[in-house]
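S.K.: Here is what each chain is made of, one letter per residue.
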Amino acid sequence: MTASQLLTVGNLTIDLLTARTAVRPVDGVSYSLNRGETLAIVGESGSGKTVMNFAPLGLLPIGVEADMSGSVSFDGQELIGASSNDIRALRGKSIGFIFQDPMSALNPARSIGRQIGEMAELHLKMSRSAADRHALDLIKLVGISDPSARMRQYPHELSGGLRQRVMIAIAIAAEPKLLIADEPTTALDVTVQAQILHLLKDLKKRLNMAMVLITHDMGVVAGSGDRMVVMYAGRAAEVGPVERVLTQPRHPYTMGLINAIPRRTDLVGAAFRGLPGVPPVLGRPLEGCGFAPRCKFVLPDCSTNRPHLAGTTDPSILAACPVVNV
Amino acid sequence: MTFVYACRATLSKVPPLALLAIGAFVFLGIFSSWLAPYNPNTQNLLLAGQGPGADHWFGTDHLGRDTFSRLIVASRTSLVGVFLVLILANTVGICIGTIAGYRRGWTDEVLMRFVDVGLAIPSLIIALAVIGIFGTSYWNMIISLALAWWPGSARISRGVALNIMNKPHIEALRVLGASPLRIYFFHLLPGTIGAVLVYATADAGAIALAIATLSFLGLGIQPPTPEWGQMLVDALPYLEGDPRQVILPGLALTFAVIGFNILGESFALNRVPAPMSRRMLVSRRRVTASWKKVMV
Amino acid sequence: MISLISKRIWQSLLLLFLASVLCFSLVISAPGNVAILIAELRSPIVSKEDIAKVAEEIGLNKPLPLRYVGWLGDAIQGNFGISYKTGEDVGESLEKRLSITATLIAGGAAFALMGSLFLGFVGTLYAHRMPDYLARGAALISASTPSFFVGALLVYAFSVALRIFPTFGYGGPISWVLPWTTIGLLPAAVLSRVVRVGLEEAMARPYVLTAMSKGLTRSQILFRDAMPNIIPTYLSALGTQVGVMVVGAVVIEPMFAWQGVGELFLTGVRFRDFMVVQACLLIFITFFIVVNLTVDVGMMLTDPKLRRQRS
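For the record, the sequence lines run as chains F, Y and B.
If you use the numbering used here, the first sequence corresponds to residues 1 to 326, in order.
If you use the numbering used here, the second sequence corresponds to residues 1001 to 1296, in order.
If you use the numbering used here, the third sequence corresponds to residues 2001 to 2311, in order.
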């Protein structure tokens, strides 16, 4: 691992066990993230992208157990197999989290000021009053209007966009090295989305943080990402710099996704160019390539041999398709 | 939702321990005359205060009556009392609750004020006040307890009634020309009775406790009819010498109430996710072990 | 906010009015001619003049609404008439007894509060493991055991057998232990379940994931994030349990020979002493309505969603 690599994921496989089922939402995924970089993880719902980032950090709901193999290395520290206390020590302090739905993610019974200030007390060892001042600064930093009044307000008194800014304030409070943002704009209005993404970019630069941006929206990827990982059926389909992948995709799935985006040149009433079929339901690992049933380049071999991420004609892009990339 | 279906559905969710305790209570109560070895009222002062033995399994009380028989017959006293109170209280409660839920408006407001007053005063106080004014007798006790319990039943049935009235099929019935009486008796009442019965059974424990408390105070079941609370208070003066006679009826009452409390708790429990048991984990892991892990 | 509270206060006043009417109607609907009964209680041989005198005394001849107003006016001033059994002024004896009952209920409430919070938190911290099962089992048994049985058991164990506490009597703090435990045990058990279930539900909410992402330990999350969410429910249940304890006082005060309002009420019921019964009843009902009002207002104040009406 080179000095600039902050997060290295190697052949990560996660099995989720619940009272009813056992599924494998992540199957042999590898990628890396450099310091100060934004990695966008793209995929549809159920592609395993959220689990991939939360499970190694111990953020699972009650009643769900995760068996993980492979390697997740953060800043030189191996997370797979680490004790839960060691992992908890990273949360908040070195890694900040932003969740999808700010309405339910904030505690309705505690004031905004307390929820933010708590981070400073915990990780920056500040006293109560110092933490309150720090919280006020953070509220201003994330661009919330009327900061001193907000300190004493409660989540239900704020709009969705403001709540998400509060979440961001909480996430960056301890100046972490990495931000993991799980669909931070999905629950927000389109106009607010742009503001939040802009804010994230700004903060990233100021605090020199790296960011993992989980999303299903190509527009968000294009606007904010440096590099991207395309996930399909729990596996990585394509990895590479955002510009190159979006302009010249190397995996049939990515090609289909980008092709599906409506263009300015399309005539009104023209047919949608979506992908046929539906993504596989997560369960036991699939034989061969997960995309084979929907792929227009499919060959008989695809259903039996699982493709691996391999080099393509573009040295910076890896794609898991031997058919398109010979 | 037919009555039988509702019964079966709820029975499947009842915890086994509750079923055991309540079942024992009901069984003993119904068959007490056949199960009790002695006549519970036969006194034999010569045998008074004996400990457990071959003749008298739980010993005898201060008047020489067989404790075992008295305990069993006492369960019938409680059972009958609880049953009567439940019938009375729920009849009144369902009537008032459903009428309030059905008519809404002024009727609803006025009736619910009465319910509010009833709910604001704890049950036993109402019962004691009525007994205090009208005197101690079996029926005064039953009626006063029914008076204490009907507001709760009314509130629940009103809630259920409102729920049913908002369902689309009621609107359809009205459009089809069903008379209000028909809607009330054939559609509103059956549903309400089902739901209220479920809560009533959980309340049974509290009613049994109330009867016992009243009897303990000497204002409920009068001797010689055995009742657990009454047996306990009779044995209190002899606590130092013969604690058994105090403990046994107390235990019997406690077990019966435990059964009802477990039942009541099982209705209110929300399905909150819990961490997996080891057994579940092992079986899930067996499944995943069969999956291959592919090198990328 | 203020409008909500004042609306609630008006509701309580209406309830008080209805309850007072109820009390009054109970009293006048007592079977038999009250005047004859009272006259007979005073002396075994009664004459028509005696009955007429009593009728005049209690104002049986006036129209009902007037009697009601008179009765209410007297009650508010603390004049509850004279006990027909003892001849004592009911208001005066109530005054003395109020503090004794207050001691009993306050102590019981403190016991219930501490016990329930302890059991509830311990149970949730060790959820689904042995301490949790022990706590829930203890709570179930305590909630099912009748108070008089608890009293009898405690007296037998600690008073008769071990001789630590006095068997009965109202004296110094040591005489408070057994009565407080007896009256507070069931409320403690019921409230501990409220805490346990409330905490478990709160810990299943999404904001717990956020709290975990902050790096908080499970017990930290329990105290900082889960607890504030159960306060309104707990307050409501606490109010109900205070009502339960007042009922318990009626049974437990005589058991420990404490001369409080409960014991007076019981004696009144036993001897059908109307003046005492309706006076105690009025006191009890007023107390409950006030407690319910306090609880409701408390819930309004502690539930952030109700605190500020502006959006």
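Hints listed in this document are in silico derivations from the structure and should not be mistaken for laboratory results.
Treat each hint with caution, since some may be false.
[As the list claims (entries may be wrong)] Think about it this way: if two alpha-carbon atoms lie no more than 20 Å apart in a straight line, the pair counts; the simulated EDC-like pairs of lysine to aspartate or glutamate are:
no.	chain 1	residue 1	chain 2	residue 2
1	B	Lys2007	Y	Asp1108
2	B	Lys2007	Y	Asp1116
3	B	Lys2305	F	Asp189
4	B	Lys2305	F	Glu157
5	F	Lys93	F	Asp67
6	F	Lys177	F	Asp86
7	F	Lys205	F	Asp101
8	B	Lys2007	Y	Glu1109
[Stated by the list, open to error] Pairwise CB distance ranges (calculated):
no.	chain 1	residue 1	chain 2	residue 2	range
9	F	Gly36	Y	Gly1159	52 to 60 Å
10	F	Ala19	B	Ile2231	44 to 52 Å
11	B	Leu2004	Y	Ala1172	51 to 59 Å
[What the hints assert, rightly or not] From the derived model, a few chain Y residues whose C-beta atoms are all more than 10 Å from chain F:
no.	residue
12	Gly1023
13	Ala1048
14	Asn1163
15	Ser1179
16	Gly1218
17	Leu1236
18	Glu1240
19	Ala1274
20	Met1276
21	Met1280
22	Arg1284
23	Arg1285
24	Thr1288
25	Trp1291
Just so it is clear, the structure is predicted and the values come from calculations on it, not from any experiment.
All residues carry an ideal CB built from backbone N, CA and C; glycine is no exception.
S.K.: Taking the earlier hints as the rules, which of them does this structure contradict?
M.R.: 3, 5, 7, 10, 11, 19, 20, 21, 22, 23, 24 and 25
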